[in-house]
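Chemist: So the chains spell out like this:
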Amino acid sequence: MISKNKNKKHVPNPEEFKEELLKKYPLKVAKKRAKGILVNDPKDTGMEIQANVRTIPGIITQRGCTYAGCKGVILGPTRDVVNIVHGPIGCSFYAWLTRRNQTKPPTAQDPNYIPYSFSTDMQDSNIVFGGEKKLKDAIQDAWDLFKPRSIAVFSTCPIGLIGDDIHAVCREKKAELGINIFGFSCEGYKGVSQSAGHHIANNKIFSDVIGIDLTLPRAGKFVINMMGEYNIGGDSFALESYFEEMGVTLKATFSGNSTIESYESAHDVDLNIVMCHRSINYIAEMMEKKYGIPWFKVNFIGAQATAKSLRRIAEYFGDEEVMAKTEALIARELESVKAVANKVKPLVQGKTAMMFVGGSRAHHYQELFRELGIETIAAGYEFAHRDDYEGRRVIPDIKIDADSRNIEELKVVKDKVSFKDSLVEKKKALKDKNFEFENYEGMMPEMSKNSLVIDDISHWESELLIEKYKPDIFCAGIKEKYVVQKNGIPLKQLHSYDYGGPYAGFVGAINFYNEMERMLCTDIWKMIDAPWKNEPVCVGSVVEE
Amino acid sequence: MLLRHTKKASESIERKGLTINPAKTCQPVGAMYAALGVHGCLPHSHGSQGCCSYHRTALTRHYKEPVMAATSSFTEGSSVFGGQANLLQGLSNIYSIYEPDIVAIHSTCLSETIGDDLGQIVGKARVEGQIPEGKHAVYAATPSYVGSHVTGFSNMVKGIIDYFAYKTEEVKKQLNILPGWVEPSDMREIKRMLKMMKVKYVMLPDTSDVLDEPMTGKFKMFPEGGTTIPQMASMGDSIKTIALGEWCSKDSAIHLENKCKVPFHIADMPIGIKATDRFVQVVAKAFRISVPDSLTKERGRLVDAIVDMQQYLFGKRVALFGDPDQCISLTEFLVDMGMKPVYIVSGTPGKAFEKRMASILDKKVPEAKYMNGERADLFLLHQWIKDEGVDLIIGNTYGKYIARDENIPFLRFGFPILDRIGHSYFPTVGYMGGLRLLEKMLSLIMDHEDATVAEEKFELVM
Ligand code: SF4
Ligand code: SF4
Chain A
5 MISKNKNKKH VPNPEEFKEE LLKKYPLKVA KKRAKGILVN DPKDTGMEIQ ANVRTIPGII
65 TQRGCTYAGC KGVILGPTRD VVNIVHGPIG CSFYAWLTRR NQTKPPTAQD PNYIPYSFST
125 DMQDSNIVFG GEKKLKDAIQ DAWDLFKPRS IAVFSTCPIG LIGDDIHAVC REKKAELGIN
185 IFGFSCEGYK GVSQSAGHHI ANNKIFSDVI GIDLTLPRAG KFVINMMGEY NIGGDSFALE
245 SYFEEMGVTL KATFSGNSTI ESYESAHDVD LNIVMCHRSI NYIAEMMEKK YGIPWFKVNF
305 IGAQATAKSL RRIAEYFGDE EVMAKTEALI ARELESVKAV ANKVKPLVQG KTAMMFVGGS
365 RAHHYQELFR ELGIETIAAG YEFAHRDDYE GRRVIPDIKI DADSRNIEEL KVVKDKVSFK
425 DSLVEKKKAL KDKNFEFENY EGMMPEMSKN SLVIDDISHW ESELLIEKYK PDIFCAGIKE
485 KYVVQKNGIP LKQLHSYDYG GPYAGFVGAI NFYNEMERML CTDIWKMIDA PWKNEPVCVG
545 SVVEE
Chain B
6 MLLRHTKKAS ESIERKGLTI NPAKTCQPVG AMYAALGVHG CLPHSHGSQG CCSYHRTALT
66 RHYKEPVMAA TSSFTEGSSV FGGQANLLQG LSNIYSIYEP DIVAIHSTCL SETIGDDLGQ
126 IVGKARVEGQ IPEGKHAVYA ATPSYVGSHV TGFSNMVKGI IDYFAYKTEE VKKQLNILPG
186 WVEPSDMREI KRMLKMMKVK YVMLPDTSDV LDEPMTGKFK MFPEGGTTIP QMASMGDSIK
246 TIALGEWCSK DSAIHLENKC KVPFHIADMP IGIKATDRFV QVVAKAFRIS VPDSLTKERG
306 RLVDAIVDMQ QYLFGKRVAL FGDPDQCISL TEFLVDMGMK PVYIVSGTPG KAFEKRMASI
366 LDKKVPEAKY MNGERADLFL LHQWIKDEGV DLIIGNTYGK YIARDENIPF LRFGFPILDR
426 IGHSYFPTVG YMGGLRLLEK MLSLIMDHED ATVAEEKFEL VM
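Protein sequences appear in the order of chains A and B.
Mapping to my numbering: the first sequence position 358 is 362, numbers consecutive.
Mapping to my numbering: the second sequence position 250 is 255, numbers consecutive.
If you're looking for bench data, these hints aren't it; they were derived computationally from the structure.
By construction, the Cβ of each residue, glycine as well, lies at the ideal position given by its N, Cα and C atoms.
Take the hints with a grain of salt, since some may be wrong.
[Stated by the list, open to error] Calculated pairs, DSSO-like style, for lysine-lysine (alpha carbon to alpha carbon, straight line, at most 30 Å): (1) B/12 - A/178; (2) A/28 - B/12; (3) B/223 - A/530; (4) B/200 - B/225; (5) A/36 - A/530; (6) A/36 - B/140; (7) A/151 - B/405.
[As the list claims (entries may be wrong)] The following residues of chain B were derived to be distant from chain A, with all beta-carbon distances above 10 Å: (8) 134; (9) 175; (10) 270; (11) 322; (12) 342; (13) 355.
Let the sequences and hints guide you as you build the complete structure.
Modeler: Right under this line is the structure:
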């Protein structure tokens, strides 16, 4: 239950807690899980967490599958492509509109297929005799009905096993129909989590979509792509307005409020900014190799983080006017942020939070909580890798195992036509002035000493955490939401935002502060016990009927 | 427009391979729901972890309640070599970490395509001790390329009965009630009616007190509700099985008859007046009792309310989508109220659908179009609506996109309902459920009229 006591609560000894946690597990499980649970020391750079490894069968996990990462996360928010899920009906059904990627086609005539779910609805006979014919028919149906600009095909689990060659089908129909048609071999079992699906999606978009349109003029004077921002609850809308005000042209967002059309010429930019490092760093890196476009990490969750990120973009361009506009924007917006922070902070500061979600939000949202004086005492990702915890410096040391080997590493070479040497020089000059690129320090250095870092947390682990640490708020996803709330602790969904948002940018910070006031100060939690709970039980009874 | 690419059916092509906006989902989610209605039972999804995550998510969003289930977490290796090792390890972990009495395993497309034999693996787990002494594991094959979520529900109920029900010498004067895939509120309501009739029963599954748990400040992994092991065991000795819904419950009833010689009766889901009448009569006959006045009075109140308000219902054109058992009873109810269910789709296959619809609709609503199975989807339904409009849409939450585009009142009914509450608390079965449906429909139709009618035609009294 929420404590009204603003003083620090009794905090268990984290090492003892870990021991108790592991005691419940059979020996083999305990041994494996032990490596994914750390008692943090931000100064100790030698700490290694086990991440991106298989979930142990039977463990109740938050994780989803490769297909979810590919179709659901990366391609889901793009509106002008018909996404056909090749498989039995369920996989397509569950990914239908459920991630809240908002989108805004400029006119009523512009395509928007996001409200649709397309599936080949494989039947028994298709599984036995193969589904390629049905897939071809489905692509033809989509063409006949909609005449879309492009069609994407996603394989789900059974497809890999029955041996349908979706890529051959895509090539054939592409040649026949004259539109871009591409396939993703993102069967759910391909990796240990959604993360593999991100990589598969990154690869295909990079090889089959980005840079295929060389006809368009440059989009503006200062042009960027925003990567790893999915417009949940309208996050991208908020950020788009800032760029516009700064005088920076946003060419494409991967993939909130986006179009395949914008990706086709997304190679013609000066900079890629990366929001969710986990899901999109592959494209950023490949684009740098192929086109020379530098990238750096940004974070728009938290007002201060937003200000810092916007400043860095302005500094990158080094244009007086852009910098002045940026400063004016920041000053104005921080003013409104401050007013709300002043109202909410006294109500909530000193409370504690836990967050277990995704591949970047469990880190980013700590910033917002910090702005309210709320400490994150335990955190972890659902599908991140070691670099998201420990920082990119550990990438060369990450062991490649059988599961990660599954996913193709594309061989990327310099593009003879579109590579920009000028950007390489620009980057070098800035680097000399200590401007950081390809940077991500990860979550652990920013968390306090003795906080807990837990990768791929299980149901049992979160139950014990709640029991022993009694946090004031817990952040996770829908599967955890009501479990935690039944314990009398509010849970904020950080995948779907509980149908609220935006939480990015300055307006997002304001929304989030207000949301915390609602969640942490509402009276309803105090009404869990009936007023007669502690009254003595009456002896004797009233006879029924 | 949200669904801006949907055009009239009359101007469209005939689709050959593409399902758009399905009116069904896959088997395992039904199996998971059924298993949650068993006390002390943890559902387990034998496949890759994505399916389990999706199914838990869908059920959680529908109920706004915890939905616990474990997974075999397949990786590429299991997909090549089979999932036996994963399931054995999974079972042993589940019993020691989460301590359920029963694990209800269902397969997925993946494990089915690989050819994993659940029976064989569970047998092995019993011999090798991954299933501890005194604990239980039931299973059902639930390949999603056959049938739909309804099929999965039916298969799991059958699997549970197969494992637990057995016949002893004793005959128990009780009925087996297979309620089919209805809401916790509906199960509660059916039980209330049975209690009014003073009938002893075992209901399987029973998700009341599981998926409508009160807030207590303490999460319970295994809530109070759910059919218990002794109850399930006793089903083999009951005098009769009443199976509600051909799709949901028929196979289980037949199986129970084969196994334990319990005779059965298949009844429609008790939605609306006539279907509830039939249910009540079947129960009364099986238990040799007369229907209590209190129930007759409830019926009378429903009929009275319809009489009072029929002018707002008569001739109203309705589009309906959902699961066959629900659609059949509801269509009958709509027709009985003088409404016109003109378009009906269900993604769940099964030949009986057309026959039943024909018998309800052919005379009364000859213009009605109905279809089930592959490509009987919301896209088709919407195309029909584009051809000629309706006054009311009934179906799960996905109908709201059509409703908004076409400005048509929309009644949420079925699975999943992702954007409103109420279905877990207020039943739609029985006479009281009929009253609730009636009240909801009227409010929607009349609110729409209030909001759109010309000012000079605006009415105070209705
Ligand atoms: S693979 Fe099969 S069981 Fe899994 S979500 Fe897809 S349709 Fe459902
Ligand atoms: S079948 Fe495979 S792709 Fe589909 S939801 Fe399940 S794990 Fe994911």
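Chemist: Which numbered conditions among the earlier hints are violated in the structure presented, ordered from lowest to highest?
Modeler: 2 and 5
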